[in-house]
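Put chain B on the given structure of chain A with help from the hints.
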Amino acid sequence: MNLLDAVLWLPLAGFLLLLLVPRDQEELIRRLALAVSLAAFVLSLGLPLGWRASETAFQFVTNLPWIASPPIRYQVGLDGVSLWLVVLTTLLTPIGVLISWRSIDQRVKEFFALFLLMEFGLVGVFVALDLFLFYVFWEVSLVPMYFLIGIWGHERRIYAAVKFFIYTMAGSVLMLAGIIYLYNLTGTFDYRAILEQIASGKLVLGRSEELLLFLGFLAAFAIKVPLFPLHTWLPDAHVEAPTAGSVMLASVMLKMGCYGLVRFSLPMFPEAARECAGWIVALAIVGIIYGALVAMMQPNMKKLVAYTSVSHLGFVVLGIFSFTQWGLDGAVYQMLSHGVSTGALFILVGYLYERRHSLEIKDYGGVATPAPKLAVLFMVTSLASMGLPALNNFVGEYLVLQGAAQVNFRWAVFAAIGVILSACYMLWLYQRVFLGETPEKVRAHVQDVRARELAAMLPLIVLMVWMGTATRTFLPPITAANAAILQKTQQNREYHARVQPAAPQELSRAR
Amino acid sequence: MPADFVPSGAEYLRLLPEIVLTLAGTLVMVLEPLTPAPRKRWLGRLAQAGLWAALAAAVVAHSSPGPAFSGLLVVDGFATFFRVVVIAAAILVTLCSYGYLRREEADGGEYYALLVYSVAGQCLMAASNELVLMFIGLEISSIASYILAGYLRGDKRANEAAIKYFLLGSFATAFLLYGIALLYGATGSTVLDHIGRTLARPGAASLLVSAAAALMLTGLAFKVSVAPFQIWAPDVYQGAPAPVAAFLSAGPKAAAFAIFMRVWFTAFAPVSDRWEPVLWVSALATMVVGNFAALTQTNVKRLLGYSSIAHAGYVLVAITAHSEAGTAAVMFYLAAYVFMNVGAFAVVGYIARKGEQRLEVDDLAGLGARQPVTAALMTIFLLSLIGVPATGGFFGKFCVFRAALDAGLAWLTVLGLLNSAVAAYYYLRILVVMYMREPAAADDDLPPQGAALKLALWACAAGTLLLGIFPSVILGFVNAAAGVK
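Residue numbers (the working numbering), protein chains in the order written: chain A, 1 to 511; chain B, 1 to 485.
Rather than coming from a laboratory, the hints here were simulated on the basis of the structure. One or more of the hints may lead you astray.
As the list claims (entries may be wrong) - Once the Cα atoms are required to be at most 25 Å apart in a straight line, the calculated DMTMM-like pairs of lysine to aspartate or glutamate come out as:
no. : chain 1 : residue 1 : chain 2 : residue 2
1   : A       : Lys202    : B       : Asp406
2   : A       : Lys488    : A       : Glu155
3   : B       : Lys454    : A       : Asp24
4   : A       : Lys163    : B       : Asp406
5   : A       : Lys109    : B       : Glu438
6   : B       : Lys454    : B       : Glu110
Said to hold, decoys possible - Derived Cβ-Cβ restraints for the label pairs, each shown as a range:
no. : chain 1 : residue 1 : chain 2 : residue 2 : range
7   : A       : Lys202    : B       : Thr298    : 50 to 56 Å
8   : A       : Arg192    : B       : Ser472    : 20 to 26 Å
9   : A       : Lys202    : B       : Leu167    : 54 to 60 Å
None of the values given here were measured: they were computed from a predicted structure. Positions of the beta carbon are idealized from the N, C-alpha and C atoms, including for glycine.
Pulled out of the complex, with its shape left as it was, chain A reads as follows (with noise of 0.2 Å):
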């Protein structure tokens, strides 16, 4: 039992906590759920104020039997890669609970105990080390954000949610097949024992097993990133989900597909990777320009900053599949910042909501007026989504086109693109609703941040500004973990090289 176990386990806690109180006690409720996901966030802190720098390995390494045969084991841990994903997760619950504190009124206490059910899904996600363990939390966050959707959602809700589930569902059952048929193989579930299996030469998949084995668990990630053209349950589920809900899926759950790239695809299933690399990042790219221009064409605020995911994302897979340094290194910043920044957004246009009920673009304007906390919140995170350097989107999106253009400089001149578009939509979008005249109804109904709902938004801010300019706390440990992951990687190949001595021949002459 270390911290990152407490980290883990405490959301779960606090969900069985909340099933036993009184459901007409509903200002306890959300003070309970507000208390138990700000204690897991302090908690979580220990994570990085704790790292060992110097240390490559996984750290928070907890590793009990579970399930005696086959042979399953909670086996959790953090390496740099995971240690910002998990903050960010412990960091949004709080904020989403503050949120929801008055806009959810009904069924209170579902609501907050799912909430931190899928706390503890998201954070299981990031932690585990073991394929069957991950696969659990894979399945168990997704329970928990159907109902959030289905039951608090907008009109379109049940279609939005059922549709989220069975295309998630879709994708990880083949990703089951996967990990259940490198068990047979393997006998083992245990992560970092595949790998070494791979280094020692223990495990060598033939070429069209690896390939099928890659697309088996792409198909899970690339639903949940989502890539081109897998992307369409995408807007349907951010409109329609509550507030709080856009906000963990936008900052949180998407990442669940980027990090199983990151930790799963390319160390276990390197060749595979290499193989397909060219294909995805094509795909990747469509998706930052095809859904930059999608989303500058949305005349609903909610469906705009969803297909800027869409756009975003596309970065992050490009980088990860440069398998370069820096474009790991962008890839991983990326998410955290677009965990930052994009769940910003959806917060604001959840304000904007609450007080003019409705997300149309032609019902806005001149908010800057009655508001102007709001607007100056709005124009912050507006910028950072659009990569204004100094602050945090910049540095991702900057790392992501360096390590493309490593590669291949074709790559980095369509991907910054986007960039130029999401500059392009966010200031349209802004001119739209906070400049010019001020209809009456906006002018009535639309009243300035309150002390809760700015207090939800600082840290956010905060973090956009301090992401952007002191990288130097976050990067290390991210740049540690992935030059371990892009060793794995080559690890492999050197095996091959020295096994086959033919393959690399091959490779130049297709070259």
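What follows is chain B alone, placed relative to chain A:
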């Protein structure tokens, strides 16, 4: 050798569960006419006690494993496991039945007596090692089930269900019997291991054996509702009283799968290359038919009927694997299935109100707001049926597909898993209605839940979660019984 004809005490011990069940059933039957109407409910308690005694007897019988009565019967881990599963299913069903029968004003001893007799037949099936005894067990179980399906005499749908079940069931039994006869003709024995040894000889596997296997497969495929012999299941599950439908999907099915595996893995093992492709196709067809037909159902019981077909398909995938791991997977899956499916049927039977008037999916509307606890329990059952981790249904599926992949059935695994993603849709529809729709405006209140029903629901939920989170509680026994190294 006259000494051999007098069974030893140990041999009777191995038959103990069946003896206890028969005595309990007969006692209930005899007491039934002597009991005044207000006291009839005590007969249910008596049957319950009999089932618990039989459960204990099954455990006691396991203390002296081995064959009995010249190899007609064998008590091993496999037999004990299935005995416990079918008895446990009957205990849960009995608990759900008290309130149900009282509501339908049909409380009577014969219901419980038939239930207990049916379980006796299933226990016999689980332990049988010989075709005729197996057949007798199957008949005891089936005939009691036919009557149970039509137990509500005043209900037209129940009558239809019973007639359909009886006619098709008898037809299938005839197929099975014909197959047994042919097999006896081909091998000169009805004891499974003898048959297996005979067939293992070169040249012994004649066309006659294939015909026998085909006929027996037809008969058994009907009993476990596997395509293309699944047509009866939705009608019967829809028409039969809800607790009986729960029972049919759990007990008789588990026992039928037990003899399925005994016959195929013992007697027909030498000719496995002939039947494995057939099972492959049948497994896939069963999953597809069950899941896709369930997508459009609006009646919950009918939906669960199709879902039970689909689940039979998953089990058949594990049987197709034809390995120790596959056997273990079947055992685990069926145990988990008892909890989740009996639980789901119990909720449905409760929501249906008097006369089972309210069986549409839409009748569950607003349950999440009106009865959060019942809805939460139903959610657990449905998530388990979908196969979401931390439930027994997931771990069962995991075992099934692990065994299938291990046996090289990669395509069947992928198609089966994709099938389970399709299946998510119709289970989710129930969840959607429960939590995301408002109840109809002038909806009458649900009756209060009896203590027994509550106990059954909680026990089912606990079992479902226990098998999902700590599968080791039975996995060790299952693996040992199936011979997994």
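Open item on the list: Run through the hints listed earlier and report the numbers of any the structure violates, in increasing order.
Closed with: Violated hints: 2 and 4; rest satisfied.
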